[in-house]
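Participant: Sequence:
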Amino acid sequence: MTEKIYLRLITTVSIIIPVAVAVLIFKPEPIKLVGMDVSVLPAFHALINGTVALLLIVALLLIKNGKIVLHKSVMILALILSTIFLVSYVIYHANTQPTSFGGEGIIRFVYYFVLISHIALATTVIPLALLSLFRGLKMEVEKHKKLVKWAWPIWFYVSITGVVVYLMISPYYH
55 MTEKIYLRLI TTVSIIIPVA VAVLIFKPEP IKLVGMDVSV LPAFHALING TVALLLIVAL
115 LLIKNGKIVL HKSVMILALI LSTIFLVSYV IYHANTQPTS FGGEGIIRFV YYFVLISHIA
175 LATTVIPLAL LSLFRGLKME VEKHKKLVKW AWPIWFYVSI TGVVVYLMIS PYYH
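In my numbering, the protein residues as written are 55 to 228.
To be clear, the hints were calculated from the coordinates, so they are not data collected in a lab.
Among the clues, some could well be false.
With a straight-line cut-off of 27 angstroms between C-alpha atoms, the simulated DSS-like cross-links for lysine-lysine are [unchecked claim]:
#1 K126 with K192
#2 K58 with K200
#3 K126 with K197
#4 K118 with K200
#5 K118 with K192
#6 K200 with K126
#7 K126 with K199
#8 K121 with K197
#9 K118 with K203
#10 K203 with K121
#11 K197 with K86
#12 K58 with K199
#13 K121 with K199
#14 K203 with K58
#15 K58 with K197
#16 K58 with K118
#17 K192 with K203
#18 K118 with K199
#19 K58 with K192
#20 K200 with K121
#21 K192 with K121
#22 K203 with K126
Given these sequences and hints, build the entire structure.
Facilitator: Spelled out as structure tokens, the structure:
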């Protein structure tokens, strides 16, 4: 495939994922896939997010020490886990209604600040991460470096805040 096709694919995926998630979150009724207990998925999502955050740190340390092949492997693993997260997240939200946060006072403000920044940056990181991976695998090092100066901290923030959001809302799951 040509570069143009890859870039179109990255753009398409970067649009479809947030739209699909938004549709599932704001749908009127759960789809309820037969025989699925999705109650464990939020904890699973937090576990994946925490693992991805650790992998991002490991990958950063590896590249700083010149271990390019290991860095690539760890980053691909982080992307695979993030893909598993997205599939699982879609399954969860297809089967449930949104959970309301029950905290009051300053904690409510903190929760919504973290949640909104998490959501906004999660949509931003999709094209950045995919384009960074594409440039890195093509060994376009300078283009890759320019992208990861933005992609890495955003992806790390999204991973960490994914865990924080889970910890804050988990007492309110039914």
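Participant: Now look at each hint and say whether the structure bears it out.
Facilitator: Structure-based check of each hint:
no. : hint           : verdict
1   : K126 with K192 : 11 angstroms, holds
2   : K58 with K200  : 20 angstroms, holds
3   : K126 with K197 : 16 angstroms, holds
4   : K118 with K200 : 15 angstroms, holds
5   : K118 with K192 : 19 angstroms, holds
6   : K200 with K126 : 17 angstroms, holds
7   : K126 with K199 : 13 angstroms, holds
8   : K121 with K197 : 19 angstroms, holds
9   : K118 with K203 : 13 angstroms, holds
10  : K203 with K121 : 18 angstroms, holds
11  : K197 with K86  : 44 angstroms, violated
12  : K58 with K199  : 20 angstroms, holds
13  : K121 with K199 : 15 angstroms, holds
14  : K203 with K58  : 23 angstroms, holds
15  : K58 with K197  : 16 angstroms, holds
16  : K58 with K118  : 31 angstroms, violated
17  : K192 with K203 : 18 angstroms, holds
18  : K118 with K199 : 12 angstroms, holds
19  : K58 with K192  : 14 angstroms, holds
20  : K200 with K121 : 19 angstroms, holds
21  : K192 with K121 : 17 angstroms, holds
22  : K203 with K126 : 16 angstroms, holds
Hint check: violations occur at hints 11, 16; the rest are consistent with the structure.
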